[in-house]
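Undergrad: Let the hints inform the model, and build the full structure from the sequences given.
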Amino acid sequence: MTVRLLQQTRLVFVRSSRPWLRSPMALLVGVAGPLVYLLLFGPLLKGTVVRGGGNPWQWFVPGMLMQLTLFGAAYAGFSLIPELRSGVMERLRVAPVSRAALLLGRVISDVFQLALQGVLLLATATALGFRASVPAMALALTLTAVLGAAISSASYTLALKIKEEYKFAPLLSMLLVPLMLLSGVLLPMDAAPSWLHTLSRLNPLTHVVDALRAIAVGHYGSHATLTGAVVAVVLAVLAVAWGMRTMSRELG
Amino acid sequence: MIKVRGLTKTFRGRGNTVQAVNGVDLDVAEGEIVGFLGPNGAGKTTTLRMLSTLLRPTSGEAMVAGCDLLDDPAGVRLRIGYVGQGNGAGADQRVGEELITQARLYGMTRAAARQRVDELLTRYELQGMAGRTVRTLSGGQRRRLDIVMGVLHRPPLVFLDEPSAALDPQSRSNLWQHISSLRDEHGSTIFLTTHYLDEVDALCERILVIDGGRIITEGTPDGLKGEISGDLVTLEPADPAAAAASAEQLPGAREVTVDGATVSFRVSHGDTAAPELMRTLEAAGNPVRAVQIKRPTLDDVFLTLTGRSLRDADANPEPGQGE
Numbered sequence: 001m002t003v004r005l006l007q008q009t010r011l012v013f014v015r016s017s018r019p020w021l022r023s024p025m026a027l028l029v030g031v032a033g034p035l036v037y038l039l040l041f042g043p044l045l046k047g048t049v050v051r052g053g054g055n056p057w058q059w060f061v062p063g064m065l066m067q068l069t070l071f072g073a074a075y076a077g078f079s080l081i082p083e084l085r086s087g088v089m090e091r092l093r094v095a096p097v098s099r100a101a102l103l104l105g106r107v108i109s110d111v112f113q114l115a116l117q118g119v120l121l122l123a124t125a126t127a128l129g130f131r132a133s134v135p136a137m138a139l140a141l142t143l144t145a146v147l148g149a150a151i152s153s154a155s156y157t158l159a160l161k162i163k164e165e166y167k168f169a170p171l172l173s174m175l176l177v178p179l180m181l182l183s184g185v186l187l188p189m190d191a192a193p194s195w196l197h198t199l200s201r202l203n204p205l206t207h208v209v210d211a212l213r214a215i216a217v218g219h220y221g222s223h224a225t226l227t228g229a230v231v232a233v234v235l236a237v238l239a240v241a242w243g244m245r246t247m248s249r250e251l252g
Numbered sequence: 001m002i003k004v005r006g007l008t009k010t011f012r013g014r015g016n017t018v019q020a021v022n023g024v025d026l027d028v029a030e031g032e033i034v035g036f037l038g039p040n041g042a043g044k045t046t047t048l049r050m051l052s053t054l055l056r057p058t059s060g061e062a063m064v065a066g067c068d069l070l071d072d073p074a075g076v077r078l079r080i081g082y083v084g085q086g087n088g089a090g091a092d093q094r095v096g097e098e099l100i101t102q103a104r105l106y107g108m109t110r111a112a113a114r115q116r117v118d119e120l121l122t123r124y125e126l127q128g129m130a131g132r133t134v135r136t137l138s139g140g141q142r143r144r145l146d147i148v149m150g151v152l153h154r155p156p157l158v159f160l161d162e163p164s165a166a167l168d169p170q171s172r173s174n175l176w177q178h179i180s181s182l183r184d185e186h187g188s189t190i191f192l193t194t195h196y197l198d199e200v201d202a203l204c205e206r207i208l209v210i211d212g213g214r215i216i217t218e219g220t221p222d223g224l225k226g227e228i229s230g231d232l233v234t235l236e237p238a239d240p241a242a243a244a245a246s247a248e249q250l251p252g253a254r255e256v257t258v259d260g261a262t263v264s265f266r267v268s269h270g271d272t273a274a275p276e277l278m279r280t281l282e283a284a285g286n287p288v289r290a291v292q293i294k295r296p297t298l299d300d301v302f303l304t305l306t307g308r309s310l311r312d313a314d315a316n317p318e319p320g321q322g323e
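Chains A and B, in that order, give the protein sequences. By this note's numbering, the letter at position 107 of the first sequence is numbered 107, and the numbering carries on one by one without gaps. By this note's numbering, the letter at position 50 of the second sequence is numbered 50, and the numbering carries on one by one without gaps.
Treat the hints loosely; a few may be bogus.
To give an idea of the interface, some chain A residues facing chain B are shown, with a C-beta separation under 7 Å as derived from the structure [stated by the list, open to error]:
(1) P19
(2) S86
(3) A95
No lab work stands behind these hints, which were simulated from the structure alone. All of these numbers come straight from a predicted model, not from anything done at the bench. In this text, a Cβ means the ideal position worked out from N, Cα and C, and glycines have one as well.
TA: What follows is the structure, given as structure tokens:
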């Protein structure tokens with residue numbers, strides 16, 4: 001049973017990865033947003049934001065990693081909607097395939113794509129002045145992978161329920177922009193009015209950004225790192241469970 | 001191969017329930033090609049989706065390909081092939097890779113999958129297409145690819161949902177040949193839904209007609225045409241009124257109408273009834289100048305059975321039918 005699940009997950013993973021592996025431009029387009037911020041917004045931060053006068057890149061780059069993860073993974077569901085409509089998912093539903101494999105294979109493909117984009121982002125950031133050890137970068141990428149799995153699962157789940165691009169796109173932009181702004185990706189939340197600061201602390205992504213920033217300055221074992229890691233893992237478990245449940249219910 | 005008793009499906013929406021399938025009984029023997037006909041909203045697609053494990057029945061019993069549909073849907077899935085209304089291959093995928101993935105999902109080894117895919121691409125006139133992206137195929141090629149996906153794992157029973165919809169005439173008759181050979185050469189049992197009567201005439205040995213969520217009749221296409229509608233006989237006799245009176249006397253004659261110089265009526269065996277009537281009229285000094293015998297179409301059968309033509313039903317699909 002488990003062997004079947006792993007084998008089928010691998011088949012679905014390879015199938016989902018083929019189209020984007022064949023067109024590397026898609027990979028670049030996905031990471032272009034955060035890269036533009038790094039190049040055109042990053043230099044403005046020099047000597048401004050960071051308390052204690054540290055390297056502003058250590059503060060800014062983790063936020064861009066979050067932006068990449070959030071926007072990259074949240075649109076994952078868009079690849080499912082045409083397959084729901086055309087008959088691909090129907091064909092897979094009639095096949096003796098585990099519903100979990102149908103979800104997990106896709107999610108792992110998205111995480112793989114995000115990891116490649118994350119490496120590209122960190123390499124560019126390093127060229128611009130970001131400084132972190134290889135283990136720190138690996139840890140940061142692992143954390144974003146876990147969060148990416150959560151967001152991509154949630155995206156597929158919403159796509160399964162909503163089924164139409166024209167409803168899915170506005171829902172995403174309604175959710176993503178506040179989530180991103182409230183996580184303090186662009187400017188520190190320290191100076192925010194207290195209501196905004198409270199909202200920001202309620203946003204789980206804030207804790208993941210805080211963890212990424214702690215990792216970027218070498219505080220691996222800090223409270224912020226642990227909190228962020230726990231938040232990401234809990235989100236991933238919840239989102240994958242929700243996704244599997246929806247997948248078996250919607251797909252029968 | 002299929003045995004269904006009292007199958008029902010009720011959809012519950014907000015505040016209203018729709019009884020889409022209302023006690024269907026049906027049997028399909030091994031090696032048959034059976035057509036499942038009905039206007040949109042008749043319960044045709046819902047029944048097919050239940051039999052292929054896509055929808056769970058509300059009640060009833062069904063054995064499909066030797067497995068119990070309710071207790072062992074996984075067993076049914078292994079033994080059936082399903083070709084839906086849409087295209088089953090991902091538009092961004094390559095033909096060969098998509099097929100091999102499908103075969104591997106059914107548990108074939110990589111080597112067996114490769115061999116089977118090569119064999120089927122050739123048989124379904126898709127040789128040389130393995131490296132092509134699915135979206136670049138023509139409509140007919142994509143439809144053949146769908147069938148290849150449905151039969152990769154050699155299922156003894158194949159469901160086809162509107163196989164030739166949206167294809168041009170040439171691609172349709174080509175597709176029909178492939179479907180026939182699936183049975184003739186490979187012994188598969190085929191259960192297909194359609195609302196194209198030419199498709200039924202070209203493929204099906206037996207048809208089941210569903211309307212209002214129930215099977216309302218079944219039989220061979222020719223049998224149903226004969227029994228239900230009968231042949232339309234049109235005569236031009238010297239004395240139409242007298243000829244009409246004689247036609248009324250023929251056993252089984254109905255719908256006798258006089259329209260100017262012509263008399264028409266329906267009868268089960270027009271080919272033997274018409275000459276007999278002509279002899280009678282001739283003997284009575286009422287010679288017949290012209291005669292025409294028209295075999296009924298399945299559309300006539302439909303009209304007689306349901307009061308609706310399949311084409312009307314097609315033009316005005318009823319809402320509320322679960323896709």
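Undergrad: Against this structure, judge whether each hint is valid.
TA: These are the hints, each one checked on the structure:
1. P19: For A/P19, the interface hint holds, since the closest Cβ of chain B sits about 4 Å away, which is under 7 Å.
2. S86: holds, 5 Å
3. A95: holds, 5 Å
Consistency with the previously given hints is maintained throughout, with no hint failing.
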